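Residue numbers (full-length UniProt numbering), protein chains in the order written: chain A, 1 to 346; chain B, 1 to 346; chain C, 1 to 346; chain D, 1 to 346.
Take these hints with a grain of salt, some might be off.
You can't tell identical chains apart in this list, so a pair holds if it fits in one copy or across any two.
What the hints assert, rightly or not - Listed below are the simulated SDA-like cross-link pairs for lysine to any residue, each with C-alpha atoms no more than 25 Å apart in a straight line:
(1) K40 to L188
(2) K56 to E44
(3) K93 to E59
(4) K191 to Y37
(5) K115 to G304
(6) K191 to S36
(7) K93 to R186
(8) K191 to V45
(9) K115 to A278
(10) K115 to S189
(11) K191 to P77
(12) K140 to R90
(13) K40 to E261
(14) K191 to E54
(15) K140 to T228
(16) K138 to D340
(17) K56 to E261
Calculated from the structure, these hints are not laboratory results. The model shown is predicted, which means the values in this text are computed figures rather than measured ones.
There are 4 protein chains.
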Amino acid sequence: MVKVGVVGATGYAGAELVRLLARHPQVTLEVLTSQSYAGKAMWEVFPHFYGVVENKLEELNTAELVARCDVIFTALPHGHAMPIAQEVTRQGKKLIDLGADFRLKDVATYQQWYKTEHTATALLDGAVYGLPELHREKIKHSAIVANPGCYPTCTILGLAPLLTNQLIDPATIIVDAKSGVSGAGRGLSLKTHFTETTNNFQAYGVATHRHTPEMEQELTALADTTITINFTPHLTPMIRGILSTIYAQMTRQMSSAELTEIYRDFYQGETFVRVLPAGMYPATKNVAGSNYCDLSVTVDPRTGRVIVLSAIDNLIKGAAGQAVQNLNVLLGCPENTGLDFVGIYP
Amino acid sequence: MVKVGVVGATGYAGAELVRLLARHPQVTLEVLTSQSYAGKAMWEVFPHFYGVVENKLEELNTAELVARCDVIFTALPHGHAMPIAQEVTRQGKKLIDLGADFRLKDVATYQQWYKTEHTATALLDGAVYGLPELHREKIKHSAIVANPGCYPTCTILGLAPLLTNQLIDPATIIVDAKSGVSGAGRGLSLKTHFTETTNNFQAYGVATHRHTPEMEQELTALADTTITINFTPHLTPMIRGILSTIYAQMTRQMSSAELTEIYRDFYQGETFVRVLPAGMYPATKNVAGSNYCDLSVTVDPRTGRVIVLSAIDNLIKGAAGQAVQNLNVLLGCPENTGLDFVGIYP
Amino acid sequence: MVKVGVVGATGYAGAELVRLLARHPQVTLEVLTSQSYAGKAMWEVFPHFYGVVENKLEELNTAELVARCDVIFTALPHGHAMPIAQEVTRQGKKLIDLGADFRLKDVATYQQWYKTEHTATALLDGAVYGLPELHREKIKHSAIVANPGCYPTCTILGLAPLLTNQLIDPATIIVDAKSGVSGAGRGLSLKTHFTETTNNFQAYGVATHRHTPEMEQELTALADTTITINFTPHLTPMIRGILSTIYAQMTRQMSSAELTEIYRDFYQGETFVRVLPAGMYPATKNVAGSNYCDLSVTVDPRTGRVIVLSAIDNLIKGAAGQAVQNLNVLLGCPENTGLDFVGIYP
Amino acid sequence: MVKVGVVGATGYAGAELVRLLARHPQVTLEVLTSQSYAGKAMWEVFPHFYGVVENKLEELNTAELVARCDVIFTALPHGHAMPIAQEVTRQGKKLIDLGADFRLKDVATYQQWYKTEHTATALLDGAVYGLPELHREKIKHSAIVANPGCYPTCTILGLAPLLTNQLIDPATIIVDAKSGVSGAGRGLSLKTHFTETTNNFQAYGVATHRHTPEMEQELTALADTTITINFTPHLTPMIRGILSTIYAQMTRQMSSAELTEIYRDFYQGETFVRVLPAGMYPATKNVAGSNYCDLSVTVDPRTGRVIVLSAIDNLIKGAAGQAVQNLNVLLGCPENTGLDFVGIYP
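For reference, chain A alone in the conformation it holds in the complex:
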């Protein structure tokens, strides 16, 4: 059994990791840490774990944590995974970071968007952007896996076949994304207060969201040309799920059916990407509670644009599920180990 630690176990991504890891057949939950709730049992903070997860929440003691675990998951605000990564490297363990600290290869970009100094730049080269569908081989051999953000997961998977095959003008990409409120975390704010959010729909971070450079980095790599995008996230009155509606100008005339075929080829053999048949569109409810990313691709012949729809559960494929998928890649076990559940519906 692999001993794992979850640092930041009482945020939503952390708790979802605990839920998945608690049923992973090759894993022991060795350490759960929480800044706010250390000393309590996990089930006191999340009562759905009552009788299921017996772990106590601990204060973070980095050296000891790393010593006790084989693999460490960090689900922390940006900046906080850096010292843990250094200790992990020192002790020769593995880190899967659900935060932003090791996603951006360019330090200046990180510091510009996150307004924080990067204190572990030496580790960036050894870190891999943990989107298994694109970087599987590299993940196997990396000590630090930078688990992608929820919006980037959804968007990059949606655009990869188009960019790889040079089917769109890379200067015309617009990503209009809609997220459930769990993406905003368990921290209290008026934006996530029930009465303010229910029956409400709004944009936020217009042209300034921090996931923008992360998408641009990966899309640029896929296209082999610098890409700048428009990205607008929206807050949707639902709990889980992201739907990205992606627009781009096509470089040649193709039908929706032809494009769908290209997507099927591209994702051939992928367990967690479902290219939907013609006439079906992704809906967040169809992927909720699962590790799937559902995709559809539609051409508008009137304008020559393609519209890609991409849906994930932000807490699973957009966070904890993808982290477990990365763990499986690291461990060399089947990628769906511990992830072989069916989404919950309705």
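Based on the hints, put chains B, C and D in the right spot on chain A.
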């Protein structure tokens, strides 16, 4: 007092009209018709009217209806307002049609998108597209007011200042719109079944929605050049509200503040358009239960695109409220008569 | 015009009061105070007021507030209305308190349930429990109106005809109440965090809720015998509305129809109580956005119990609307002045 | 591997069964039938199964169905399981019926509440009421398992320790239950239309719901005295979950802590009943997506009544999960086989 009839009073738009007209100081509710519920009292179908609206629902008898009323509102599926419009013309009364029959000036376009023959083409010239902010003068003198669709209201008001001032490339307009479920009406379907729709977000009618030509007609008129757009509507798990996120490439460099000033000038004196100050974005909840359209305009200097956000209550400014606003224009009374209520919050 | 002040204008009850008073034909909004947001405009805190309410929020200065206003509304946590009440009395003005400070006639009961000393006991005798349907005459002549709690309004109106007519055993009353989340206010807590509350239903304050003695006081007065009840409030994933399901053992055999008749007689002439016809049950949506209390009464012949259902909008009939109703009683104007709107549906 | 059939696979309970059985390690999904969708793939009707469940939906052919399967699950409207039960008996297979046909031992009671003739009365004696916590031994040896209704599951588990230990007056039981909308099924109706149900709370079937005699039968057996109850179900604007709030007069003075101890003893060793520690109350969200029933018990010393709170996921412990639990009892495998998942949160 002006005698009014509402044809199709038991759909959501019809019932909302009844709610507004019941408190309009210059109006008597003379006739309410309903195909499904004729013979019942209005409050038997909508219990919130118990003790408030005493009208019985009647079968539609076109000639008699028109004879009894000064102004007729039709809230019907497309194709059904045409014979009523003819009778209204014959008897010299006024029609405010909440459906699509008189919105498109081009008969071929109507028939192509609605797959129905237009049987009242002679009346099209005399009909006006009833967006008071753009066509107020013409509305005053028209016998037939084609009340705009909900998505077009939101979108056209969002784009008018940009197109009128030639600030954007008209070939680059993308409209990504999100609507509450009331827009889908009271008719039963799996798409609007509570358990299927709650905690779900999805696109529909991708590149094929019937409001597309309506927007294109009005945007073309504003820009004085043919405009083709991408329009993607989405179903949002909330009751009321539309938010449109509109993208276009700017033709010259301007700041968000400069554009906001242009919007304020454009809508100077308009009661129902609120151009929000910098740093505030529209949210559907802020307009719910009111006749307002809230607008913000943001420039992304990285891409040279402008992002317009436009929010309305689809049943009020997007349907019944705008119809009452049109009635007020017809009657020559202050435009906010019977509409001077504050939106409900939270 | 009557000059009014709202103390605590940025809680939900306060903001709802502002919404109603802003359209009351006999009222000027003279002062709005807010502890958290003093110095800001009301619309900066509640953007639905943008372009509608221009008032700035002020710090509370009790003496000056009372001097500037004819009637003061307080929407404050318990304990905070007492000093304002004393100043109001000193200056001979009127107070309508939406909090708990003047609802309980018995000081010991207040101190036991609210764990706070009562510092204005001398004013209790002159205060009236402001449920107009029961205490209209006394309200007219009182300087201090203690606006009832939301649960008590719903419950007392539901039980009054039964107790007045001695139709139930007063020892058997069980009140099972369900409230929308707006009842918990705008203050942030995990209980009202969107993701925790959506798709969740739970009880709270089982056998310990502070509205219990308030109900018992009024029910005791109606029955003329000491009444102790079971009261269980529940948090419902909706914004507005309370439904109380009330059980009691009948003292004699009667049919639902006979009881309904008794209810109709009891509430004869009341503008804001609607006794529903047989076969219709109250639903919170039917009263949302209105000042109505909807009632139904059903006998279960199998057990000899009566089941009363009572629904209100907690922010209107359960708070701000009832406060305006009380204002109208004080002013001697028709009770529905400024309250003559139709609830919003759907 | 055990071959199973699901008759009525495209209702919510049926689809949930398919979801659970698809991951049950000892089961093969042999037949799925659907009246409405025969000929389609299961994933065409429930797109979350795309790539997961490959079965085609078939017309019901009773003899063939029974021949092909070892265990048949029926999730059908009442009356429709009877002929299947007869065929199952004839062929010596096993039936787990999620409907009402074999729950009531008394034919007259069945016919009175369901207004349908019972055509398989000879099989009633051999059928067992499939609540494993109470009837485990009998289930092992029964050919027909009558899977309990959702409300009865929740209520009977909540009351069993009190009645078995004669701690309450059986004439005073009141059950006030609140259900999510999935309990109303996938069939379309105005009651389950998104816009009508969202932000709404209402009672239904007051004193007439068909689960009443089912509860009374089982409670009567537990108490060994005839029990008549008041049962009021309510529709809650959420997808999954039931919370029952149960009231009864105690026959002797006990504290909440003492009662909790009695509950813990009673459910000692039960995998799927969680008696919560003092200070924790059940919430539907804590059991959603799991097979748990969460219980709390509170004494109100002021009235001498006990308030039991009981929460389940209506589609799992209230339907499909309990059916799988019954299957496990029949098969003699651990009761949590295929049910060992953690509920989903938030």
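Checking an output row: K140 and R90, CA cutoff 25 Å. Within, between, both or neither? Answer is within; shortest intra-copy Cα gap is 19 Å, inter-copy 57 Å.
Intra- versus inter-copy proximity for P77 and K191 (alpha-carbon distance at most 25 Å): both (18 Å within a copy, 23 Å between copies)
Using 25 Å as the alpha carbon limit, work out where K40 and L188 are close: within a copy, between copies, both or neither. both (20 Å within a copy, 22 Å between copies)
Evaluate K138 and D340 at a C-alpha cut-off of 25 Å and name the case that applies: within, between, both or neither. within (24 Å within a copy, 34 Å between copies)
Please work out whether the CA atoms of K56 and E261 approach to 25 Å or closer within one copy, between two copies, in both situations, or in neither? So K56 and E261 pass the 25 Å test across copies only (24 Å; inside, 49 Å).
Same-copy or cross-copy closeness of K115 to A278 [CA-CA at most 25 Å]: For K115 and A278, only the inter-copy Cα distance (23 Å) is at most 25 Å; the intra-copy one is 44 Å.
Taking 25 Å as the upper bound on the Cα-Cα distance, should K115 and S189 be classified as within, between, both, or neither? Close inside one copy (22 Å), not across copies (29 Å); limit 25 Å.
Under a CA distance limit of 25 Å, which applies to K115 and G304: within one copy, between copies, both, or neither? between (39 Å within a copy, 24 Å between copies)
Are the CA atoms of K93 and R186 at most 25 Å apart within a copy, between copies, both, or neither? neither (29 Å within a copy, 46 Å between copies)
Checking an output row: K191 and S36, CA cutoff 25 Å. Within, between, both or neither? both (21 Å within a copy, 17 Å between copies)
If the cut is 25 Å between Cα atoms, do K191 and V45 qualify within a copy, between copies, both or neither? both (22 Å within a copy, 12 Å between copies)
Which holds for K191 with E54 at a C-alpha limit of 25 Å: within a copy, between copies, both or neither? between (33 Å within a copy, 24 Å between copies)
Hint compliance for this structure: hints 7, 15 are broken, all remaining hints hold.
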